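Enquirer: Here's the letter readout for the chains.
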Amino acid sequence: MSGDGGERSGATRALVVDDERMNREVIVANLRVAGYETVTAEDGQQAWEILDADPGGFDVILLDRRMPRMDGMALMAKLKGDDRLRDIPVIMQTAYAAPQDVIDGLEAGVYYYLAKPLDRRLLLSVVAAAVEDRLRYRRLQIDLDKRSTALTLMTGGTFQFRTLAEANTLTVSLARACPRSKFLVVGLSEIFTNAIEHGNLGITFQEKTELIAANRWMQEIENRLDLPENRAKTVTVRFERIGDEVRFTVKDDGQGFDWQSYGDIDPTRAFSAHGRGIAMAKRLCFDAVEYRDPGNEVLCVVRGEGVQTPPGAATEAPGEPAAPAAPPGPVADPDDLRLARVMQSELLPREEQIARANQMTGLTISGFHEFSSDLGGDLWGIEPLDDHRLVVWLADFSGHGVTAALNTFRLHALISNIDAGRDQPADFLAELNRRLAGALPVGQYATMLYGVIDRNEGVFTYAAAAAPPPVVIESKTGNAHVGDGSGLPLGVTKLGVYRERKLALVPGAVLFMASDALAENPRENGANLGAVGVAEMVRCGVLARGTEADVQSLLAPFLASAKRPLRDDLTAVCCVWPVP
Amino acid sequence: MKYEIIDGAEMPTLVLRDQLTFSDREQFDTVIDKLLARKKPVTAVDLAGLDYMDSAGLGMLLTLRDRAERQGAQVKLLRPKGEVSELLALACFDSLFTISPA
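These protein sequence lines are chains E and A, in that order.
Read the first sequence against the working numbering and you will find it ends at 1095, with the numbers running on by one and no gaps.
Read the second sequence against the working numbering and you will find it ends at 257, with the numbers running on by one and no gaps.
Errors might be hidden in some of the hints.
Claimed, not checked - Restraint ranges, calculated between C-beta atoms of paired labels, are given here:
no., chain 1, residue 1, chain 2, residue 2, range
1, A, 257, E, 1017, 49 to 59 Å
2, A, 226, E, 1067, 44 to 54 Å
3, E, 751, A, 173, 57 to 67 Å
Hints were generated in silico from the structure; no laboratory data involved.
Values in this document were obtained by computation on a predicted structure and should not be read as measured data.
Yeah, the Cβ is synthetic: ideal placement off N, Cα and C, and Gly gets one too.
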């Protein structure tokens, strides 16, 4: 959301990147009729040269995915790595039948999609929505930089607004009061705007698409605000700072809406002009977004560094977070899976988080995740406790499909909310189990390994809930020590008790853990690795590479021989204690 | 999954063969209905012919246990072997079910 700050004057300018001349011409013709200026490129390489030479020159990029020389995804990687170009909205053209394209695209930061063959009306409304969103975010960013506020000292308060202008003012002020305000401003803006336009004024999704395409959106909002039945309607925002969390509860005076299909997994969403707002807000800004029925109230949570509680404020622990409920039911269709998959990937540790943990603890951590054909429920995480201790965990929900994926969101929310005993694996698992047992439907459960690596003590202290055992290999000797993963699965009974176990660690040791897919997934020859095979594969890998080993190299023999698609999600984590 | 329900004098026994995996969920639900319709205080599940069970299979056993308990009934697991036995041990199912080796 940085960008060069200023807004370009004059016509809106689009860069159209496609290797097929016909496609370029169709898009250009349509955009020109609608008043856009256009520049074309035949592939990613040419597009890059154009953008690099004139980084401030474009308001939107229309990108084909498959092209010679540099394809769409390669160009995305370059754009996202460049501060000058990062926030230009990109609209990717893809075939309906290629959900993987959308998954890859969302992961690369593409929030707008156009299906082929091209629908003229949709082209114009998606381009208009992308340009409009960007302008709005930019204005908010500029406001944000100007504003300073005493709200950072606020622990709680209630606000009311009615118009878009009021919403924007409040957005900027509240965002300033929080960490990551540059991102938060986008999310709050989406949530507040939704409360006015959809909540109080009843503008439907379809109407908004048409209004934006016709450039009448703002006007329509003004008109509706003026209607007698809407004059008394307001949006109420409650702001609370609790511990290291900031909570925004936003309530409008409308009828509510079918929030389930907006925030999470609406199969139609990726290809329509907008409606990504909520999902995008979630992705960019909030640690949790929770709608309350009938959908006219939403709770958004921001956690983490910089969310300080001023002295004297209440620090009582928040209640159980309600992550999205996971209804038992039939396997979802591929579109649901696609978006659930994207959201599940977002829960995995990001590169910068891993790098920070490495730097802080002096360990070298690497993780691997491959989805099965229909989504499993794997998740892993790390958390440095101090300069010599690292929490590492790996969980796997039973079952497949959207249900399992949604359970991972629930687990993720629970884990970040349990304060006590993070360095006490058995207590931590017992507490997590207690909370999950109240929340999961019968027959659904999680297996988990949770442990603390302590470099000063030279030990990995862990507890397990029916997980494959952790393995420690000493790189000097090749000695393997296989732990014990037995324990009651999480969520089955509230009375679950977990045992603390230990594996000795020395400098040069490699700790490896993986989900059960590694031992159980058949290989091309039909046999699976089994627990013994996993330990042997890891041992051979460490003998070959020593402390240079990482999760990819250790898994390589399996990845080369596994029968695809995988029957279950595969997740693996490797922590190396380098020799000084 | 292949199955058979044998009505013994004391209890019905569900005999499972081959595999019990995610794809058997719906069928297993109807099997549970049939078993519990017999209203016996104990229901047995014979696992001797079961070669493989995945995590969803464990979940199905838990569902059976839960629904039986709500009727005040118990579930016994009989003769698990090989990987199935290892999986039950890993998940400490002996603390949830009576498991008989024979």
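Enquirer: Can you give the numbers of the hints that this structure goes against, from lowest to highest?
Expert: Violated hint (a single one): 1; every other hint is consistent with the structure.
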